[in-house]
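First to last, the protein sequences are chains A and B.
This note's numbering puts the first residue of the first sequence at 1, with every later residue one more than the last.
This note's numbering puts the first residue of the second sequence at 1001, with every later residue one more than the last.
I should point out that these hints are in silico values taken from the structure, not numbers from a laboratory.
Each hint can be trusted.
A few chain B residues facing chain A, derived, Cβ under 10 Å:
| id | residue |
| --- | --- |
| 1 | Glu1055 |
| 2 | Ala1326 |
| 3 | Ser1342 |
| 4 | Cys1356 |
| 5 | Ala1360 |
| 6 | Val1362 |
With a cut-off of at most 30 Å between alpha-carbon atoms, the simulated DSSO-like pairs for lysine-lysine come out as follows:
| id | chain 1 | residue 1 | chain 2 | residue 2 |
| --- | --- | --- | --- | --- |
| 7 | A | Lys56 | B | Lys1053 |
| 8 | A | Lys425 | B | Lys1323 |
| 9 | A | Lys321 | B | Lys1053 |
| 10 | A | Lys425 | B | Lys1238 |
| 11 | A | Lys166 | A | Lys352 |
| 12 | B | Lys1053 | A | Lys346 |
Virtual Cβ for every residue (Gly too), placed ideally from N, Cα, C.
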Amino acid sequence: MSSTDQLRELANRDYKYGFVTDIDMESLPIGLNEDVVRALSAKKNEPEWMTEFRLKAYRHWLTMEEPTWPNVHYEPVDYQSISYYSAPKSDKDRPKSLDEVDPKLLETYAKLGIPLTEQKMLAGVAVDAVFDSVSVATTFREKLGELGVIFCPFSEAVREHPDLVKKYMGSVVPYADNFFAALNSAVFSDGSFVYIPEGVRCPMELSTYFRINAANTGQFERTLIVADKGSYVSYLEGCTAPMRDENQLHAAIVEIVALEDAEVKYSTIQNWYPGDKDGKGGIYNFVTKRGLCKEARSRISWTQVETGSAITWKYPSCILKGDESVGEFYSVALTSGRQQADTGTKMVHIGKNTRSTIISKGISALHGQNSYRGLVRVQAGAENARNFTQCDSMLIGEECGAHTFPYIDVRNPTARVEHEATTSKIGEDQLFYCLQRGIEMEDAVSMIVNGFCKEVFRELPMEFAVEARKLLSVSLEGSVG
Amino acid sequence: MNVHSKIQLTEAETELIRAFVERSARLPGNAQTVMTRDSAIEAIKAAGLPTRKVEAWHYTDLRRLLSAVPAYDPEVPVDDAEPLIAGSPVAAVANGMTARAPNVDGVSFSTFFARLSEEDSIAVPERGDDTVGLINIAFVSGGWGVEIADGVELAAPLELQNLHGGGQVHVRFPVTVGNQAKATIIERQTGQGEALVSSISDVEIGEGAELTWIIVQEQPDDTTHLGQFAARLAKDAKLTLFIMNAGGKLVRQEVRVAVVGEGGDFQMRCINLLAGDNHTDVTMVLDHAAPDAGSVEIVRNVVTGRAEGAFQGQIRVAQAAQKTDARMACNTLLLSDEGGFSTKPELEIFADDVACGHGATVTEIDSDHLFYLMSRGIGEHEARRLLVKAFLAEVIEDLDDEALVEVLEAKLDAWFAEHG
Chain A
1 MSSTDQLREL
11 ANRDYKYGFV
21 TDIDMESLPI
31 GLNEDVVRAL
41 SAKKNEPEWM
51 TEFRLKAYRH
61 WLTMEEPTWP
71 NVHYEPVDYQ
81 SISYYSAPKS
91 DKDRPKSLDE
101 VDPKLLETYA
111 KLGIPLTEQK
121 MLAGVAVDAV
131 FDSVSVATTF
141 REKLGELGVI
151 FCPFSEAVRE
161 HPDLVKKYMG
171 SVVPYADNFF
181 AALNSAVFSD
191 GSFVYIPEGV
201 RCPMELSTYF
211 RINAANTGQF
221 ERTLIVADKG
231 SYVSYLEGCT
241 APMRDENQLH
251 AAIVEIVALE
261 DAEVKYSTIQ
271 NWYPGDKDGK
281 GGIYNFVTKR
291 GLCKEARSRI
301 SWTQVETGSA
311 ITWKYPSCIL
321 KGDESVGEFY
331 SVALTSGRQQ
341 ADTGTKMVHI
351 GKNTRSTIIS
361 KGISALHGQN
371 SYRGLVRVQA
381 GAENARNFTQ
391 CDSMLIGEEC
401 GAHTFPYIDV
411 RNPTARVEHE
421 ATTSKIGEDQ
431 LFYCLQRGIE
441 MEDAVSMIVN
451 GFCKEVFREL
461 PMEFAVEARK
471 LLSVSLEGSV
481 G
Chain B
1001 MNVHSKIQLT
1011 EAETELIRAF
1021 VERSARLPGN
1031 AQTVMTRDSA
1041 IEAIKAAGLP
1051 TRKVEAWHYT
1061 DLRRLLSAVP
1071 AYDPEVPVDD
1081 AEPLIAGSPV
1091 AAVANGMTAR
1101 APNVDGVSFS
1111 TFFARLSEED
1121 SIAVPERGDD
1131 TVGLINIAFV
1141 SGGWGVEIAD
1151 GVELAAPLEL
1161 QNLHGGGQVH
1171 VRFPVTVGNQ
1181 AKATIIERQT
1191 GQGEALVSSI
1201 SDVEIGEGAE
1211 LTWIIVQEQP
1221 DDTTHLGQFA
1231 ARLAKDAKLT
1241 LFIMNAGGKL
1251 VRQEVRVAVV
1261 GEGGDFQMRC
1271 INLLAGDNHT
1281 DVTMVLDHAA
1291 PDAGSVEIVR
1301 NVVTGRAEGA
1311 FQGQIRVAQA
1321 AQKTDARMAC
1331 NTLLLSDEGG
1341 FSTKPELEIF
1351 ADDVACGHGA
1361 TVTEIDSDHL
1371 FYLMSRGIGE
1381 HEARRLLVKA
1391 FLAEVIEDLD
1401 DEALVEVLEA
1411 KLDAWFAEHG
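Generate the whole structure from the sequences, applying the supplied hints.
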C-alpha cells in the first residue's frame, strides 16, 4: 500500500467521541436581541449589575464587525439562528449529591472518562463539569474550601462572590475587546471561577471538561482565574464534542489574573468535532484567552494541544505588566482533513525584566491549513525584556499548508528578542530508520511527531500528557505517508 | 469601518489628487494610458491612502505619515551625481525626465516617455494594496527602459540614476536581461530638496542569466521615497539584490520577486540605516512558484534617534515548488531609547517537500563584545562603531565584487560620521 493510500485510509476514521446524549433541554428561542439577553440573565437569577454588563456588551457587539483577517475560510455564521441558552432541565432542583444526578449524564461523563464518582481521588482532580451551559456538579469543594480556594461555576460566583467577580471580570478581556469577546460578554452561559487566596498552593489540579451537546446551542463559556499573592494553581481544560452536521459556534473567554509572586499554569486539550472528511460540520472555535501578570514576579503559562475543531481562532496571551513577570506559551496544533487553525499568542512586555517564551509546533496533514500568528511587543518601559520564540511546522501530505505570521515590535533597546521558525517535511531518513527496524509506518510517524512535539508535551501535567499523545496518534491516523 | 463609506480625504490625499488634475494633460501616454492613469487616481480617491488596517501597510500608516505633497517643479536645478564605481556607464533621469544614456555594447536603451506614447505599457495593479504602483501609474513621466541582449556580459556595472532637485518625481525602469546574460546594475536614488519620489524597477531575468542589482537610496531627510523592485526569474536564473537605505524621511521599499523557472536562485541582502525621525519600511514578497529553487534574504538594521523601522518579509511556496530551500533572517541593533523596530517574517507554505526557515532578532550591542574591545584600550565610541560596522559589513561582504564592497563600506563610514 502506498503511503498516500495509507494516509487516506487513516483519514477515514470516524470521530471517536461522536455520540449524543438525550437529555431534556430547556432552551431560549433562537436568535439574539436585548430581550434574549435579559431573559438569559433572569434565568440565571443574576443581579442587576450583571444584566447591565451583558446589555452593554450586546450593544457594543452590534457596532462591531466579525474579523476577516484570520487566515481561515468558512461560511458566515448567522448569529440569529443560534439558541443562546440551554441547560439540563433539572436546573431548579439541583442535585445535592451525585446520586441525584441524571444517570445518563453520568454515563456521558463515564464515556468521556471524567473521574466524577469513585475515581475522584484516583485522578486527584476536582472537576467542575460543564455540560452544555450549566455546571451540574462540582467535586472536591470541601477540601478546597478548607484552604479558602474558590472553585465554582461562574454563575454561582456572580451570586456568592460578587465583589471578586466585579473587580476582575473584564479587567483582562474587556467586553469591547473583540467581536467574539463582546458576544460572549453578552450571552455567556456559564463557566468556572477560581480564586486562590494569598500564599496558597492549590493541592490538586483543577479541571473542567467542556462538552457541547445540544444541537444548535452555541457554547459561550467564561472562565476567570484569580491567583492572589504568592499562590499557585494548575488548571486543566479538556474538550470533546459529539458529532454534528451543523457548524457549532464556540466563543469562550478565559481571563487570568496573577498577582505578586503568583503562578498560574493553564493547560488545554481541545478535541472538538473537526467536521467530516469533506469539511462538513465541525466546531467553530473562536476563543479569547488572556492572562495578566499584574504584579511583580507573577507567572502565567499556557499549554495547549489543539487537535479538534473545524476552525480555530485562538491566541492565549500574556500581558507582562509586573516587573520580572514571566509569560509562557507552549502549543501543539494539528490540522488534518479540512481543518483550519489560526492560532498563536501575544506577549506584551510592559514591566521591567519581563521574560517570555513561545514554543509552537504546527502539524498540517491532508488538506489541513495551519497558521501560527504571534505578537511580541516590547514597550518602551520594558527594560531588559527577553523573548524567545520558536515556531516549527511540519507538513504531512502534498495538499496541506503551513503559515507563520509573527509580528515583532520592539521599542526598547535593552530588549533581546529572538525568533526562529522552520518548516519541513517529516524526515524521510527518520522514517526509513524506524521502518527498517520493523516499526509500522503509522507507529513510526506517531513516534516522530511525538518527538517533534516533545517540548510542549513535557509542559503538560502527566495525565494530560498521556492523553495528548494518544489524541495526536488518533488524529494523525490516516494522514501519514 | 465600512469599506464602502466615503472617506474624508486628508490634506496630502487632496493635494495628490489636485496635482493629478493639474498635470494629467501634460503626462505622456495614449488613450488607454490616460484611462489607466485616471482609474489609478480614482482608486486613491475612493479608498484613500492605506492605513495600518491594510495588512501590507501594517507598520507604515501612509495615510497618517504622508503629511504633505510637494508641488511638481520641472525647472528646479538638479545636481549631477558621480557614478558609484568610477568610469561606469550612467543612464540618468532628472526630475522625472530622461536626461542621458550611455553607449554600451549589447545593451539598448529606450526612454519610458517614448514607450508610454507608443504602446500600452502600464496596467492597473492586480493587488488593491499596491499603493506605490497606483501613485506611480498616475504620475509616471519618464525613466529608462534597458534591454540586455542574450549572452551579453557587462564589463562594468551599469548605473541607473534617479536624481531630483525637489518636488515630485515618478519614474520607471523596465529592464530585460537576456538568456545567459550577466550584469550588475546599480540603482541610485538621490537628490536635493523636499520631494515625493516613486520609482519602480521592473526586471525580467532570462534563462540562466545572472543579475546583481544594487539599490542605494540616499534621499534628503525631508523626502518621501516610495520604491518598488519587481523581478521574475526564469529557469536557472540568478538574482542578487542588495539594498542600502541611508536617507529619506519616509521610505517604503517594496521587493516583489517571483521565481517562476526551475532552479532559480534569489539572494537578498539589505541594510537599513535609520537616524533622526526617519521611518523606513522594507516589504518583501517572494513567490516560489517553481521547484528546485533556493533563496536567502538577510536584512540588517541599525536604529538611532527617534527612527522607526519595519521589515515585512513574506515567502510563499506554491504547491508546485517542491524542493524549495528558502531562508530569511532579520537582525536589528536598536541603539536608542526612542527608536523602534518591527518585523513580520511570514511563511506561507503549500508544498510539503521543502525546507524553509526564518529568524529574527532585535537587541542592542552585546555588552560582552563591547567589554572585550574596551578592555583592549579601544574607546567606547570607537568600540561601538566597530561592532556596528562589523554587524553590517558582514552582509556587504557577501557581494563578490571588491570594488562594490569598498564603495558600500565607504558609504557606511560616511553615514556613521554623520549619525554615529
